[in-house]
Amino acid sequence: MKKLVFVLSIGLLSFCGFSQESELLSGKSVPSVKLKDMDGKEVNTADFGFDGPVIISFWATWCSPCKRELNTIHDLYTDWQEETGVNLIAVSVDDEKTKNSVPVYVNGKGWEYLVLMDPNGDFKRAMGVNNVPHTFLLDKSGKIVYAHNNYAPGDEDKLYAELLKLKDQN
Amino acid sequence: MNLSKRKLLTIGILSFHLVSFSQEPKTNAPNISGNMEATVQYLNPDTLIGAVQPPSKALINAYMNVFYRQAGFKAGMRVESYSPAILGYPDNFDGTGIGMRYVGYENDFVDVTIGNFYEQFGAGLIFRAYEDRSLGFDNAMDGMRLILRPIKGVALKGVYGRNRYKFSEGRVINSSGIVRGADIDFHLNEILPFMKDKKLDITIAGSLVSKYQADNRDDLVLPENVGAYGGRIKARYGRFYSDFEYVMKDNDPSADNNYNYNSGHAALINLGYSQKGLGILVSAKSVDNFSFRSDRDESLQNVLINFLPPMNKTHTYNLVASLYPYQTQPVGEMAYQAEVLYTFQKGTRVGGKYGTTVNGNFSTAYAPVRHTSNFTTPDSNRVYYQTNLFDKADLLYWRDINFNITKKFSPKFNVVLSYFNLSINNDITKITNDAKGIIYSDVAVAEFGYKINKKHSIRAEIQSLTTKKDKGDWATMLIEYNVSPNFFFSIIDQYNYGNPIEALQVHYLIGVFGYIHETSRFTLSYGKQRAGLFCVGGVCRFVPASNGLTINFTHSF
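Chains as they are written, first to last, in this note's numbering: chain A, 1 to 170; chain B, 1 to 557.
If you're looking for bench data, these hints aren't it; they were derived computationally from the structure.
Mixed in with the good hints there might be a few duds.
Claimed, not checked - List of simulated lysine-lysine pairs, DSS-like, C-alpha gap at most 30 Å: (1) B/Lys454 <-> A/Lys109; (2) A/Lys41 <-> B/Lys157; (3) B/Lys199 <-> A/Lys36; (4) B/Lys353 <-> A/Lys36; (5) A/Lys34 <-> B/Lys454; (6) B/Lys199 <-> A/Lys167; (7) A/Lys124 <-> A/Lys167; (8) A/Lys109 <-> B/Lys199; (9) B/Lys412 <-> A/Lys109; (10) A/Lys67 <-> B/Lys455; (11) B/Lys468 <-> B/Lys436; (12) A/Lys165 <-> B/Lys454.
Said to hold, decoys possible - Derived DEER-like restraints, expressed as beta-carbon distance ranges: (13) B/Asn486 <-> A/Gly52: 51 to 61 Å; (14) B/Phe448 <-> A/Gly49: 35 to 45 Å; (15) B/Glu169 <-> A/Gln81: 46 to 56 Å; (16) A/Asp79 <-> B/Ser168: 48 to 58 Å; (17) A/Gly49 <-> B/Val536: 25 to 35 Å.
C-beta atoms are modelled at their ideal positions from N, C-alpha and C, and glycine is treated no differently.
Extracted from the complex, chain B is given alone in its bound form (with noise of 0.2 Å):
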């Protein structure tokens, strides 16, 4: 290679102004993205904490999705792998393989997916298809949806198909009920002339949702087309806000509801107030008898057709997240929420030169009461009772009181002082084996937050929580040490002080190494991890106690 200097400069300049110039027509040129995830883990045994060690010792869970767009055109997809799945990860997740794809177009009136979609109507209470991957969740619908836009305010949409059941040997299987439904939403304020720069903003919706499946039992006459409708209205008058929605549910009989044939409804209410330094929230829900599944005899999280959303805070520090968390009752709850939250201006006495943050929340869950005199036993229609909105028996499901304070000191220094007060019904939702009834709970939570220079700065949180059932009493002691923007380093002590069994009183340490470079981000962790609820949007998975490392990689492109 004897080539010169100025050659290759040339050759240089060509290829960039190349490049530059296949760069041009913006709009069409070709977009990929898409985004992946592995979590490696390998296990000891530990028979203290009951942590079990795989047959294969190291356990994968991985995917990437690949999306791709040009001019309207949208094709993607998500390879997953699971050989075989992390601890406590669902069983239904298994092998390597396609686990999602679909083609698809769209324009500002049109927009046609085939294949797998995610989507949902209103609040989710009669439809939502959707995914959690570190929750191990995944409905996806499989078929097609179409959304129009005839004119601005206006959106139908329009679904088809079954939803994912399971990825087995590295093939999704799907339910064997089929799934269709429709929305139509108005945003009055761009449909109606008139109503175009009012105060008052109104929204009004509708979904009908239908499920089929072939009769599967011989001494039951059972429907094969089960249907859902209802509808929403949103409206807000300056800082007023408030948000309603009913859905009732035909006769459904399934695994969840014994085979009755009671209807079944659910409904929401949100009623809110905010301005610069101050929001209130009001909520209240009502379910009875709305599990919807397109298959009638499964269980757990499988198939579901909605989400019924539970109506309580989610929490973030560890002992407040894992140990009693509330998931909704499907089979019928009347919950009820309340959260304010107050900001001191700064230069106020209790605001201080940076102003202060107060928070307060409440949430409540009861059973339904349901109306039994007129429905005599055995009753040939299966109909056993009655419930009616709103309608809250004593039996209590869940309570959870809690306030924080948030202050910054100076621009170094911050603390964060949480109060929690739990109330759980082990009896419904069972969350432990070792305790009956309702277990109460104190969480007591400081967090404090240092910056000792531009990129150095410390974390630390002390929690304590306080109960006479179950395992007793817990601490955890957190130190973080961030240097921005590519490390940290952290450990954990979570100590079971106050465990009955003296053996028991065990602590769970564990360390955790981070490097994030930009939108990749790669930890490894090492350490005893106990037994709890992993929870996201109020759907738990239960991860057994560990103990050993885990290693997860993200990327985005």
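Just chain A, same shape as in the assembly (with noise of 0.2 Å):
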């Protein structure tokens, strides 16, 4: 008996350990770097002060993939929004070279998003990001429920899937 027991409490500790490792995955926050938004006005990133959940996409003005899921985003925007109270936050990766483009291409392009600027890489290594495009999706109390590195069409899809799941959490 006394040998199940041994084996018992093993089996619970290792079982806890597992859970808490997956839980450290999936469920993190996302850490506290502050950045500037366009008007230079400067936004703490674990608290972007949103009610639902939020889409963090960390592109560039010299990044086509990037735009291009953007892009497409943009023009079913107001219908994600609508259905699951989304917002998106890019994060401009563009260094001083061509940070001062990032406007001219956000207004021109009429985006609706919060554009935060990270000139030097702060917050992208904080998120550990490789290379751009990589997106988030986090929950409304500001958990990371899904990851992805990488656009290609059809990529929206799945996010939006992924934002539905939220909705039906609730």
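Taking the hints as your guide, dock the two standalone chains into a single complex.
Laid out in structure tokens, this is it:
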């Protein structure tokens, strides 16, 4: 019997350890980095101040797939917002060379996203982003529930399906 | 093990409760995140294109960042490995070891970091510590950084330390010089009650950076402490915005400026206007004698304290991006840029059903005028000339005129057409050994995207570059097949059909396969790669020609 208890407690421990690990991987919150928006106003990435789910999309003016992704979502954005209450935050990793072209592109394309500037890659580093585009989906409590590194046409459908899952949970 | 199912269930429920309970205090929960990248190459010799096989045949670059945060405390490290480094990577990356580590604490008022950190003051003209691992650039500071936010709208930053010089046998070697600096930033609309909610939005900031390096010459009296200082103003009024930054540097004799005792300057002006559907930007830059390193005898991209952004667009199509890219001349240049982007709205004649976007961009850089008449040579002060702000000479360094038009014809089909006219002065910004003077080139690109169904899509690019100099004309064909969200496959053929040497009219053919699963990305490519410049943010490294297999894996967690 002692042996059984021993085995059981080990099993229990490893079970806890395991489920905690997967918790760490999927349910992480966003680290606090102070970024500026296009107007120069400071925004703390740990608290964007939105009620519903949030999409964080890392992009740059020189990144074609990033622009394809954000332009595709732009066409669907009104529907997505009405349906799920989502807000998209487009984090530009353009450095000083191309940073000034960001408002030209964003306004020229008529994007309605909150655009944040990350010219020295501080937020990119904190979020573990290797290359752009890299997109994160946060539930309304700010936990990361889905992430994807790349963009191919059709990826927006997968993202939307993940968004709808959040809606079903409420 | 004769354990009943019921017992197992009870244990399962118990442990589940335990886990969910331990999660409850959310704000104090530990948070571990990070990312890694590994690139492995296996190279074949190919004498025709000048590809060499390294003695070890295989090469590897790998690193992993791990960041830990809990209740304001933070710590992080990166382990790097180059055994040996991949082809074309700077040779100051070698071995396996810890490349970065820090501890720190942060709340709304204070943010302190001891160890390694990256930071930028303003546009980076006098201070920028950053990394680009794909490029092999890392001038991380090693020391201390303190950021204070005493009231809303005010940020004060202080930095002190040495910057990274190289990674040798698995250990970071820092520069022999010390760098210290401070920056203060006031966003007036958040500070002054009467400015709150005003249409005019103003930020004023100033910085000071100084470096110390012992005098290491017998023949010169070198300044051991060199100061640089400057200010910036950012103003926005409705749809208009403007940015001004001006920085000066005391005399800083170095290998870059032939040990002259001139002071230096750098200035940046950006003026913009944007509204929904239209964006306009006009920029100007003046740089003279503004190479700023913590070791005066260093060269290349080593131990730079600052960053002088080139004033031109970053191109993405490969013939445009990697054959004739431009890098800022820190010794001096006068540069200008203008950009317009306009979207013809949906439902208009040009706009069609989905809207049509047109974009035009012009950038140019010239030599500065050096007034030497008041200076007698040999001048005992070693001050040889004077250059004024925006004092442009006739010698052209760079010019780029480009246009593109993006049109979506249906939900399934879109087209991007682009034209680029590039002129680069190869005597000043050396990019090839096969040409002298200014290299003029014309590039035309057509890109097509077709969505077959919800998951499958095809993208194709046809590129043409024509030039009378260097390696002559090039054509590139690219076909990419995507299966969302997990796979892609592409074939790229770069054909140097216009090479003056007939034997070198070679097809550089590469196949790429990629697999993406959430935040993991695996790519495998095989084929011939021509020599070219790989650039990020205006910093470039030369990558020699290669023939072989490259495997890349990235993961974020």
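How the hints compare with the structure:
Between B/Lys454 and A/Lys109 the alpha-carbon distance is near 24 Å, which keeps this suggested pair within the 30 Å criterion. Only pairs whose Cα atoms come within 30 Å are accepted, and A/Lys41 paired with B/Lys157 is accepted, the gap being roughly 17 Å. Distance restraint check for B/Lys199 and A/Lys36: the Cα-Cα separation of roughly 18 Å lies within the 30 Å cut-off, and the hinted pair is therefore satisfied. Note on B/Lys353 and A/Lys36: the hinted pairing is violated, with a Cα-Cα distance of about 35 Å set against a maximum of 30 Å.
Between A/Lys34 and B/Lys454 the alpha-carbon distance is near 38 Å, which puts this suggested pair outside the 30 Å criterion. With a C-alpha separation of about 38 Å, the suggested pairing of B/Lys199 with A/Lys167 is violated against the 30 Å cut-off. For the proposed pair A/Lys124 and A/Lys167, the alpha carbon gap of about 28 Å is at most 30 Å, so the pair holds. Simply put, A/Lys109 and B/Lys199 have alpha-carbon atoms about 23 Å apart, close enough for the 30 Å limit, and the pair holds.
Distance hint between B/Lys412 and A/Lys109 is fulfilled; the C-alpha atoms sit about 20 Å from each other, no more than 30 Å. For the given pair, A/Lys67 sits about 19 Å from B/Lys455 by alpha-carbon distance, which is consistent with the 30 Å threshold. For a cut-off of 30 Å, the pair hint linking B/Lys468 to B/Lys436 stands: about 12 Å separates their Cα positions. Proximity of A/Lys165 to B/Lys454 is assessed by CA-CA distance (about 19 Å); at most 30 Å being required, the pair is judged to hold.
At roughly 28 Å, the beta carbons of B/Asn486 and A/Gly52 sit outside the given window of 51 to 61 Å. About 41 Å separates the C-beta atoms of B/Phe448 and A/Gly49, a value consistent with the hinted range of 35 to 45 Å. Against the hinted window of 46 to 56 Å, the Cβ-Cβ separation of B/Glu169 and A/Gln81 comes to about 54 Å, which satisfies the hint. Distance hint check: the CB atoms of A/Asp79 and B/Ser168 are about 55 Å apart, consistent with the given range 48 to 58 Å.
Taking the beta carbon of each, A/Gly49 and B/Val536 are about 32 Å apart, inside 25 to 35 Å as hinted.
Hints 4, 5, 6 and 13 from the list above are not met by this structure, while the remaining hints are.
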